[in-house]
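Those sequence lines, one after another, are chains C and X.
Using the numbering used here, read the first sequence as starting at 1 and increasing by one per residue.
Using the numbering used here, read the second sequence as starting at 353 and increasing by one per residue.
Check the hints yourself; a few may be wrong.
Taking lysine to any residue pairs in the SDA-like style, the calculated list, with each CA pair at most 25 angstroms apart, reads [as the list claims (entries may be wrong)]:
#, chain 1, residue 1, chain 2, residue 2
1, C, 273, C, 347
2, X, 495, C, 121
3, X, 495, X, 600
4, C, 250, X, 445
It is worth saying that the hints were derived from the structure and are not from the lab.
Single-letter residue listing:
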Amino acid sequence: MIDLSAYLKKMLSTSGLSGYEDPIRKIIREAWEPLTDELSLSRIGSLHGLKKGRGEEPRRRVLISAHMDAIGMMVTDIQDGLMRITGIGGIDHRILPGQPVIVHGREDLPGVVIQPPSFLLPKNAGTGPVAMKHLLVDVGLRQDDAAKKVRVGDLVSYAQEPIELTGDAMSGHTLDNRVSVAATTLCLEALQDRAHGWDVWAVASVQEEETLGGALTSPFDIRPDIAIVIDVCFAKGPEANDWRNLPFGKGVGLGYGPNIHPGLYDLFEKKAKALEIPYDRDLMPKMSGTDAMAVQIVAEGIPCAVLGIPLRYMHTPVETVSIKDIQRAGRLMAEVIADLGPDTLEQIRWEE
Amino acid sequence: MSKTTEMSTKYMPEIGDDQIHLLEKLCNATAVSGDEHEVRKIVLEEVKPIADDIRVDALGNVLARKLGKGEDRVRVMIAAHMDEIGFMIVKNHEGGLFEFVCVGGIDERQLPGKSVLVGRDHLPGVIGAKPIHMTTKKERGEKIPLSSMRIDLGPEAGDKVKEGDRATFATRFEVLGYSIRAKALDNRFGVATLIELLKHAPENIDLLAAFTVQEEVGLRGARVAAYAFDPDMAIAVDSTPAYDLPHWDDEDENVRYNTKLDGGPALYVMDSATIADRRLVKWLVETGEESSIPYQFRQPGGGGTDAGVIHKTRSGIPSISVSVPSRYAHTAAGIARRADWENTLRLLHAALGRVTPELLAGERRD
Numbered sequence: 001m002i003d004l005s006a007y008l009k010k011m012l013s014t015s016g017l018s019g020y021e022d023p024i025r026k027i028i029r030e031a032w033e034p035l036t037d038e039l040s041l042s043r044i045g046s047l048h049g050l051k052k053g054r055g056e057e058p059r060r061r062v063l064i065s066a067h068m069d070a071i072g073m074m075v076t077d078i079q080d081g082l083m084r085i086t087g088i089g090g091i092d093h094r095i096l097p098g099q100p101v102i103v104h105g106r107e108d109l110p111g112v113v114i115q116p117p118s119f120l121l122p123k124n125a126g127t128g129p130v131a132m133k134h135l136l137v138d139v140g141l142r143q144d145d146a147a148k149k150v151r152v153g154d155l156v157s158y159a160q161e162p163i164e165l166t167g168d169a170m171s172g173h174t175l176d177n178r179v180s181v182a183a184t185t186l187c188l189e190a191l192q193d194r195a196h197g198w199d200v201w202a203v204a205s206v207q208e209e210e211t212l213g214g215a216l217t218s219p220f221d222i223r224p225d226i227a228i229v230i231d232v233c234f235a236k237g238p239e240a241n242d243w244r245n246l247p248f249g250k251g252v253g254l255g256y257g258p259n260i261h262p263g264l265y266d267l268f269e270k271k272a273k274a275l276e277i278p279y280d281r282d283l284m285p286k287m288s289g290t291d292a293m294a295v296q297i298v299a300e301g302i303p304c305a306v307l308g309i310p311l312r313y314m315h316t317p318v319e320t321v322s323i324k325d326i327q328r329a330g331r332l333m334a335e336v337i338a339d340l341g342p343d344t345l346e347q348i349r350w351e352e
Numbered sequence: 353m354s355k356t357t358e359m360s361t362k363y364m365p366e367i368g369d370d371q372i373h374l375l376e377k378l379c380n381a382t383a384v385s386g387d388e389h390e391v392r393k394i395v396l397e398e399v400k401p402i403a404d405d406i407r408v409d410a411l412g413n414v415l416a417r418k419l420g421k422g423e424d425r426v427r428v429m430i431a432a433h434m435d436e437i438g439f440m441i442v443k444n445h446e447g448g449l450f451e452f453v454c455v456g457g458i459d460e461r462q463l464p465g466k467s468v469l470v471g472r473d474h475l476p477g478v479i480g481a482k483p484i485h486m487t488t489k490k491e492r493g494e495k496i497p498l499s500s501m502r503i504d505l506g507p508e509a510g511d512k513v514k515e516g517d518r519a520t521f522a523t524r525f526e527v528l529g530y531s532i533r534a535k536a537l538d539n540r541f542g543v544a545t546l547i548e549l550l551k552h553a554p555e556n557i558d559l560l561a562a563f564t565v566q567e568e569v570g571l572r573g574a575r576v577a578a579y580a581f582d583p584d585m586a587i588a589v590d591s592t593p594a595y596d597l598p599h600w601d602d603e604d605e606n607v608r609y610n611t612k613l614d615g616g617p618a619l620y621v622m623d624s625a626t627i628a629d630r631r632l633v634k635w636l637v638e639t640g641e642e643s644s645i646p647y648q649f650r651q652p653g654g655g656g657t658d659a660g661v662i663h664k665t666r667s668g669i670p671s672i673s674v675s676v677p678s679r680y681a682h683t684a685a686g687i688a689r690r691a692d693w694e695n696t697l698r699l700l701h702a703a704l705g706r707v708t709p710e711l712l713a714g715e716r717r718d
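Pulled out of the complex, with its shape left as it was, chain C reads as follows (with noise of 0.2 angstroms):
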């Protein structure tokens, strides 16, 4: 058994950036190489575990697509020893200010993010939120410094450290979406002594922040018959209290909309009830915002099911998840793949 903890906290602590995904598909290529059968890595640097099934060849396949990539910056400008930044993912500019980052140039820079004063900004700048353009980065260097060891388009990662809160929560940057990639290792954990009829395609997939481009290429090379998308969903906190609020640490979001097959989301609400496993529908009227949107439309089409975990402070470098939820995650991934027979195709299926 992995130590959940520990194993997350090793990687809030790497760095993945979208398109810059190498130092985190380490991490999850140790904890897969045992769990599954075969590794290998798409054109476009998605990771691929293979956990063969035992059902009679040609074996029907499910892939689990969990995206690694982070939200970061990139130094756009260095002057006066301070850089200049651009976002990579959708990063609001207002949490910016005193953020402890990395800049990863020659070598790895700590610094922070800082809001200049205002009478160094536009003069129409207000008093308002600074806008990122204007933000800098300082990471304790003189110019000369500086400028030997960053250069522009080198990366900014968010440095925060993760934080255990009471009550089993714990609080970090990047938590969407490696407590997806820490599910879905779990779930691979279970299915070791599980005898699974079809063939297991774990996909930590790349650039979901930017461009969807894991997601949509993925798919294409292994030709799931169904694919399952876990991503994180937004919990209610302060200032998020609506519909699109589940509530935070008491259960699973299971997708529900266009992205997802009606028939894959009975199975999952079917197994979650059975299980007695806490869940909530997410109720996505147009889109999910996950892997599913591309995954979806790969090929001739691949029926989706979007699983989510509960986290507060969506792309902050606070991101606040409960732990129980990424246990039930997996557990319900593994129990649903467990369950998928000969004949499961048959039952997702449309109304007719």
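Fit chain X to the known structure of chain C by using the hints.
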């Protein structure tokens, strides 16, 4: 013994591992104005073995004296405030979510997405923000109001935190090459400097060390400390902002930098609360010149230090302020240069060694 040899054996303060470790301990401690307990404890531990006498007064100031030898000793008060800006928990909203207010001058734009430590047990928590996915463009153009923010301590924090508990940014001290990144450099720089000066106090003066409380909320500690010490002169040792950053378009010159990193200790001629005693300005400038210690003038104008109340105590006390320049005061993480701190300590130590009754003998003028 030749004069050269005598000079070379003279004590020259340095910022070594011990001093960095002391500053680290002080910065990582929590001491929000009105609850300076943790820093006071460190100060007492450090100062007790070296001071001639030491006491904690009615407001919580630590007042320590290191007496010199011989006659005509000038009684020099040095004040360094122990408190820092921070937060107070004001309402438990259930589910581990707590409403809070700021203590001291904090720009609320610095708060979303930060980690904090709450209460005497340093319970970790976070100040989150609504997911960007759920915000409108209009919302992103406006600052997140403090009243909507909560400190999240996890679902089971209910009985571990009380309304009234203080909190600070959770930033841990870090040395970044020749720089330092930490919270509360304002004013743990001053506290650490004063501890070092007490350890190596020159014998020509009586050093009256006031580690003060509540500077950030109204200079309250310094007022009563100055009354109690009734010194001949006073220095407030603090940390002042360096706004030495580029202008957004890289074209206009930044003429309001206040101070610059690498410029050495910042001498105050005037701020919004004090017009420095010109005799003391001259004394520090001459010390810097003659000892080849770099210094800079803080651009006259706003801001203030403990000197703001000290100079008006009793029948008046000639006062000046000296600060270690640091960037991003009153935010989660400041950045400063180790050399600026070392030069501040050196300038003050050298200047104290030159104090004689003649310094204040004349009228207050150049």
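Outcome of the hint check:
| no. | hint | in the structure |
| --- | --- | --- |
| 1 | C:273 <-> C:347 | 17 angstroms, holds |
| 2 | X:495 <-> C:121 | 16 angstroms, holds |
| 3 | X:495 <-> X:600 | 20 angstroms, holds |
| 4 | C:250 <-> X:445 | 18 angstroms, holds |
Checked against the numbered hints given earlier, the structure satisfies every one of them.
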